[in-house]
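So the protein sequences, as listed, match chains B and Z. The letter at position 26 of the first sequence is residue 8 when you use this note's numbering, and the numbering goes up by one with no holes. The letter at position 286 of the second sequence is residue 292 when you use this note's numbering, and the numbering goes up by one with no holes.
Think of the hints as simulated: they come from the structure by calculation, not from any bench. Among the hints, erroneous ones may be present.
As the list claims (entries may be wrong) - Using 27 Å as the maximum straight-line C-alpha spacing, the simulated DSS-like pairs for lysine-lysine come out as follows:
(1) B/Lys94 x B/Lys8
(2) Z/Lys27 x Z/Lys79
(3) Z/Lys199 x B/Lys93
(4) Z/Lys372 x B/Lys8
(5) B/Lys127 x Z/Lys371
(6) Z/Lys393 x B/Lys258
These are the residues of each chain, in order.
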Amino acid sequence: MSVLVNKDTRVVFTGITGKSGGFHAKQCMDYGTQVVAGVTPGKGGQVFEGSVPVYNTVTDSVSQEGANTACVFVPPPFAADSILECLDAGIELIIAITEGIPVNDMAKVKKKLLETNARLIGPNCPGVITPGECKIGIMPGYIHKPGTVGIVSRSGTLTYEAVWQVTSLGYGQSTCIGIGGDPINGTNHTDALKLFNEDPDTEAIVMIGEIGGDAEEKASEYIKEHVKKPIVGFIAGTTAPPGRRMGHAGAIVSGGSGTAEAKIAAMEAAGVVVAKTPSDMGAALLEAWGK
Amino acid sequence: MNIHEYQAKQLFAQYGIPCPKGAATSSKDEFESCIDSLGEGLIVVKSQIHAGGRGKGTFTDGFQGGVKLAKTKEEALDFANRMLNNTLVTVQTGPAGREVQTIYFTEGADIEKEYYLAILMDRATSAPVVVASTEGGVEIEKLAEETPEKIFKAFVDPSIGLQAHQARNIAFKLGFEGKQAGACANLIFNLYKMFWDTDADMVEVNPLISTSDGGVSALDAKVSFDSNALYRHKDIVAFRDLNEEDPKEIEASKFDLNYIALDGNIACLVNGAGLAMATMDIINHCGGEAANFLDVGGGATAEQVTAAFKIILSDPKVEGILVNIFGGIMQCDVIAQGVIEAAKAVSLDKPLVVRLEGTNVEQGKKLLADSGIEITSADSLADAAQKIVDIVAAS
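Given only the sequences and the hints, what does the whole structure look like? Please build it.
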């Protein structure tokens, strides 16, 4: 068992004829993911890698190939439109890898998203992987191993770091979810924790956050109330200089939160074992899990 | 991206947002004509730098105040002459301060009362929010903590934009009445239009003032923009002032590298913002201090890695380098090739610790091992951080 994606997931890649879209679609196919279609407007009728049909629209990929999940790989100026197209086509799970989408575009996407039952992961994220079954995104597949640890993170490469430590200790992952580093995302820490908490095959959880916003504080409230599974955390940015990229008035809306200290304190108060350094995530997991 | 106050006021004028009449120049020869264009009365002389706290700042030659009120033209000229090309130190500039290269002259305002007004994107609701307070000219963070009841907010539905009644509600909550309430609502409405149209990160008017003739006016302006949206705003990009940026950060931006200069002596080159921050954290944990934040991004090329190396090595404080790559999009052999090319191009003479993991890691490690360059390799992040801290401490 796993969450979000498995061996039956039927994936359409938007932007499959682009350089990185094509590279990663191929990597996902090699991992065993069912990539059933690609979409590039104007390139409908082409065939990707000798087997994957390319369509002009996402709707065609749904009606012709039964795609139920999309991986969005189009460049930033067109990415919000691609996500909205997936919503209109009835795609249930949209995983947006694209980095650099204007925040105003995402505000409009988020508004529309909340009117549907679809789920968006990202943008600006590494994607989602259920080891041994389905990889949708840009993570290196070989560091993962099927198992029972659920991992959720705002940072791509820090997720790999956590995955690698868990795998090196001899354990595996149920599913790893990269929720992305943008200020507006489709799925937050709390949403991902709910999925893991309700998944019978996820035994322990790793949650990785970073400075800015209050998603980790909100998640800590959820953990306190609902999560009985062992859970470890890490927050990046303890030594980040204050004031950079954190707007002056941003502090009003989020109150005193947003700092690494506030997040770590909230997580510890909720019973999360917080790793002191990114290299200690594996050791913290063993401690929390009693292994 | 940040812009200067006088540039923000140009945008305000385009959007019909009332503010005191003003004129800016970088040339001493134009001081008089700027002042003459304002008409009679008091003149405010304002240093233009991106940092806040200008009014309470001090110039490095001892001259007090980056914003001065002059009673006469002669006094205004004297202030401007002392400010231009002088270095202003404020609470936000750091001890080095910033050189003032532009002076902005404005008419003195007839201030009845000061208010606070800002618009920004609220992460929690994924929507723009208008924030206003009856307490203007003060630090808003302090106000939010001590007297949150004095702060009013209006959340905006991004698909339909700010509605007139929301702007009116804020104006009434601030205590405006009659025609002045209408003028305030209009200002808020236009400010939102500007915020949305220009893809601003934040627009802050502190203070917003009411005037005794029944008007409202934006006395100060602080505006920053979403850098991801600059591709669709060539007019805003034209406002960029390279004098306000670290030369290393400018160079980095040319190569799409995310670089921030810091105070330590261990340079780091990392892929991914989260891992880059965590790498700084662990260097600190091991007893060292990072010289920079550098995220080479997801799809870096050998050329970008070479540029990244040149940038971190141009910092004279750097005594050692830590390369930490966990390859996803970024392939380890590409990084290795970049490291080798860069090390050769700059004839590297600083200790270098490299930790590679991820896609094509074996090819990457082999390239480094065969390169003939002196590299300490590390197996884990902790191992890498400890090695570079120890090497730098011993040298």
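Verification of the hints:
no.	hint	in the structure
1	B/Lys94 x B/Lys8	violated, 31 Å
2	Z/Lys27 x Z/Lys79	holds, 16 Å
3	Z/Lys199 x B/Lys93	holds, 19 Å
4	Z/Lys372 x B/Lys8	holds, 25 Å
5	B/Lys127 x Z/Lys371	holds, 23 Å
6	Z/Lys393 x B/Lys258	holds, 18 Å
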